[in-house]
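So the sequence lines, in the order shown, correspond to chains P and X. Counting from 1, one number per residue, gives the positions in the first sequence under the numbering used here. Counting from 1, one number per residue, gives the positions in the second sequence under the numbering used here.
Take the hints with a grain of salt, since some may be wrong.
Claimed, not checked - Calculated cross-link-like contacts (lysine to any residue; reagent style SDA-like; alpha-carbon spacing at most 20 Å):
(1) X:Lys183 to P:Val253
(2) P:Lys197 to P:Val253
(3) X:Lys17 to X:Gly170
(4) X:Lys179 to P:Ala232
(5) P:Lys23 to X:Pro67
(6) X:Lys180 to P:Glu172
Hint data in this document are derived by calculation from the structure and do not stem from the laboratory.
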Amino acid sequence: MRTIKGAEITEAVAKLAIEKAYKIGDEILRGFEWSLENEKSEAGREIIRQLQENAKIAADGVVPYCQDTGMAVFFVEVGQDLKIDGDLEESIQEGIRRGYIDGYLRKSVYKDPLRRVNTSDNTPAIIHYQIVKGDKLKITFGAKGGGSENMSRLAMLKPSDGIEGVKNFVIETVSIGGANACPPLVLGVGIGGNFEKCAILAKKAALRSLEVRNPDPFYAELEEELKEKCNALGIGPMGLGGTVTVLGVNIEVFACHLVALPVAVNINCHAARHGEIIL
Amino acid sequence: MAEYRLTAPLKDEDVVKLKIGDKVLLSGTIYTARDAAHKRVVELLDKGEKPPFEIKGSVIYYVGPTPPRPGMVIGAAGPTTAVRMDAYAPRLMKEGMKAMIAKGKRNDSVKNAMVEYKVVYFGATGGAGALINKCIKKAEVVAFEDLGPEAVRKLEVEDFPLIVVGDSFGGDLYIEGRKKWQKAG
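Just chain X, with the same shape it has in the complex (with noise of 0.2 Å):
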């Protein structure tokens, strides 16, 4: 298992490097997005229409914050759990995106996009909310304000640590880890 800095947007050079169990301490730009801001995206490839923001190399991270104090960028900005955009997700795999951030198992759809598409599945620390706040040195809503905590925001990360949960080669963490300690019987 090896350790890597990346900074996003990512290439396809990146993303072919990482297999599952790699640490990676991830800086630059990336976009978050949940269930509802995943399906207007979608509504909108779908009619021909322009994307709110570049989904190419884009690094997109599944949160909805806590709302910030004054003076903060952003609140609590923990992951979510994935499986709820797995619907969506292989849709923005073609129009380019290279990574997702979130926590828990995807289905074999997305699994297979992920390998046709060369995309990686991150997993972030599951309700680690206030220890991720510190990556984040810059939030900024840029679509869907009316969607409160679910409005897509650009984000300037830095240093934040991540763990190669879903390779571009089909490897799934979830089942590979599992199998490593269960015990038999």
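Excised from the complex, chain P in its bound form (with noise of 0.2 Å):
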């Protein structure tokens, strides 16, 4: 049976941790060279160069990408025949509190949601495990800021809503509360599921490329809609008015009750920090 020691999946979890908030990701660069050739308004393009420019001093390992380096979340798929030599969940908890401390990196996580009380260490972070055949571990991991989280949403909504009840949930959460998250955006969208699955649904779909698409072209096709309705909403770089508001939407779907249809917008903004270690 493979062995893998929980103080290298400590190490790899904290090198991440540390690269993503200074490194953005190439999709995400792309992203600003697309929205440089599809934004009308000056202003706009004005935004767009200087996150080029953040980015670019970013990348030099010295002062993060954003002030808002995150709240981490993982999603662990476990190989059915990988033995662990330690406790799982304390070695990524771990790799978060180096990663976070060592890179410099800022604690943004409260103890208790009403007492309000910081941990200083970033520490916890949500992980959501799953087991799968195999011998590996596959980490992905995404640091996911604060004001673009606030402006997520999920709705049961009546299966006579229908694919239009979809499309104008994720247009309506775009509309309300694109501005205030940061565009452009990458919106991660859930679909189906229970009520707790779909919003792991959109925040694995948030922590997606921006540039795969949905396997299933029903769905690959809806994605290309939204993007194209959600840029049309006027919002804009940074909500300041414009044709950019939105660089990519990616969906995830699962299998409802006959009686459901939930849905769910996980917003992220324009750093859009995920990544993913095998080991």
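Combine both chains into one complex, guided by the hints.
Structure follows, in structure tokens:
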């Protein structure tokens, strides 16, 4: 049986957390190029140029891209034939602790939602586990900013609301909160499942590359249509007006109850920090 | 749309010439404050006590920076979402605050108070934490050190790039900008 040491997981997580705070994804940089070509407002293009410059400065590894270096969220796929030498949960949490302290990242996590005292090390991270076939450990990481997370929404639609209801809910969510969520945005949309599954689908979608379309052509087309419709809202870069509001729309779907049509929109800002490691 | 260079603290005559969409390069002394610091300042004012910094003429930047590396004055320092400070902002305007720097839409009570007390709302580019870091020449914690990233800091800034997103005549760029670019249908 293959074995991984907890310390190895800790080290890989810490490294990933630091890297993602400083080095913005190539897909986002290509998204900025696309934005410059498609943004009709001069003020909007000026914002995009500032973001490109910001990405360049941050990539030197001295000052993070954004001061909100996020609350860490993980999707962890554990191969059932893999043995972990150590405590998996604690190894990941320790990776976040070390990454956020050693990387000079902001500690943005409160121990309790109402009594609001900072844990001072950005833990706990939110970790979703899945047992899968094989002997590998796949860790998908997101450093999710609070401003964009606050603008996210979920609705339990009626089946009769249909695809139009889903489209309207996504567009309405961007219309209400898009300006506050640091556009241009990456939208993670979950459709189906039940109440909590739908939110998790949306989070998974928000942590997918904006250049990867849903493998089902029906949903891939819906992703493109929603992108176009959100960009027609006029919100623009930083909400100051313009023709580029979203860089991409990612949809994840799951089976659902015959009376249900849940939909969730998890908004990601233009940093859209995510990364993946396989151990 | 005009372009201005201004130096903080600001006066009424600086504020009233500004209209939404104007570009401003701001230099001078500004203060940082977020949710928890706003709450404490307003509590002090309501008790009739002296706030920990001069509010008259002040420019308040809604930011919670990353910790500085050794030898640096501050870390990434982009704006946070303004709406969380809406409950406190009018009280500070009454005390003479002249400008806010943040990102995102404001509520009507803030916009009305901006007209009443002649206050401007500047938008900084959200997420541009590394770029804005270059404009900050000095930083010093002046109050509420226990709040960590949310402590009140006195900053010396140079040519901080801003856009007027709310003016002292009730103008709101989040509404007007979107109206201009929204496609019918």
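Right, here's what the structure says about each hint:
1. X:Lys183 to P:Val253: Between Lys183 (chain X) and Val253 (chain P) the Cα gap is close to 29 Å, so the pair fails against 20 Å, i.e. violated.
2. P:Lys197 to P:Val253: With Cα atoms ~10 Å apart, Lys197 (chain P) and Val253 (chain P) stay inside 20 Å; holds.
3. X:Lys17 to X:Gly170: holds, 13 Å
4. X:Lys179 to P:Ala232: holds, 11 Å
5. P:Lys23 to X:Pro67: holds, 18 Å
6. X:Lys180 to P:Glu172: Holds, because 19 Å separates the two Cα atoms, which is no more than 20 Å.
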